[in-house]
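Visitor: Sequence:
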Amino acid sequence: MRNSALPYVLLISLMWGSGYVFLKSLDAELAPFWLTTLRLGLCVPVLIVVWVAFTNEKLSDLRWRDAFVIATTNGWLPNVLAAMAVERLPAAEAGMLHALTPVFTGVFAALFLVDERLTKGILAGLAIGFLGVALIAFSGEVGSGDMLGRAVM
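In this note's numbering, the protein residues as written are 1 to 153.
Just so you know, these hints were derived from the structure itself, not from any lab.
These figures come from a predicted structure and were not determined experimentally.
It is possible that part of the hints are untrue.
[What the hints assert, rightly or not] Have a look at the derived ranges for each label pair, beta carbon to beta carbon:
1. 50 x 5: 14 to 20 Å
2. 124 x 60: 44 to 50 Å
3. 123 x 22: 32 to 38 Å
4. 114 x 41: 37 to 43 Å
5. 54 x 92: 33 to 39 Å
6. 115 x 11: 29 to 35 Å
From the three backbone atoms N, C-alpha and C, an ideal C-beta is built for every residue, glycine too.
Let's have the full structure, built from the sequences with the hints guiding it.
Guide: Next comes the structure, spelled out in structure tokens:
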């Protein structure tokens with residue numbers, strides 16, 4: 001990694017890691033759906049500016065049905081579920097459960113992508129990642145959240 005990229009990686013890590021603390025601080029004020037609406041309402045105008053600045057495609061050329069599916073599966077639905085989880089779990093536990101995202105990405109890639117093979121090394125990495133998060137999240141030491149919060153996370 002080039003030295004100039006390191007500050008950006010650190011900034012993104014800080015923003016990513018602190019997201020659940022901010023969600024937890026707002027969950028008493030806003031219901032999960034409205035919290036997600038606020039978050040995405042602030043992000044969409046910024047993303048449109050980035051789209052216009054960095055692509056040659058026009059928004060009218062966008063395949064809106066595909067964009068809706070992507071926005072649902074990668075945008076508002078996971079954010080609503082995360083806000084519901086943070087409502088029921090401590091922020092630290094929600095963040096640890098969210099750490100399973102790369103583990104499940106590896107599993108689903110192997111299931112649905114033809115070129116992705118599960119090697120022994122990948123299986124070992126997936127097992128270590130899953131067991132590590134499971135040991136921490138379900139040890140009872142982390143917090144007093146409920147199982148619904150863990151499930152929607």
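Visitor: Confirm or reject each hint.
Guide: Evaluation of the provided hints:
Separation of residue 50 from residue 5 is about 18 Å and conforms to the stated range, judged on CB atoms against 14 to 20 Å. At about 48 Å, the CB distance of residue 124 to residue 60 agrees with the hint of 44 to 50 Å. At roughly 35 Å, the beta carbons of residue 123 and residue 22 sit within the given window of 32 to 38 Å. A beta carbon spacing of about 38 Å between residue 114 and residue 41 agrees with the range 37 to 43 Å that was offered as a hint.
One distance hint, 33 to 39 Å for the beta-carbon pair residue 54 and residue 92, holds here, with the actual separation near 35 Å. One distance hint, 29 to 35 Å for the beta-carbon pair residue 115 and residue 11, holds here, with the actual separation near 33 Å.
Of the numbered hints given earlier, the model fails none.
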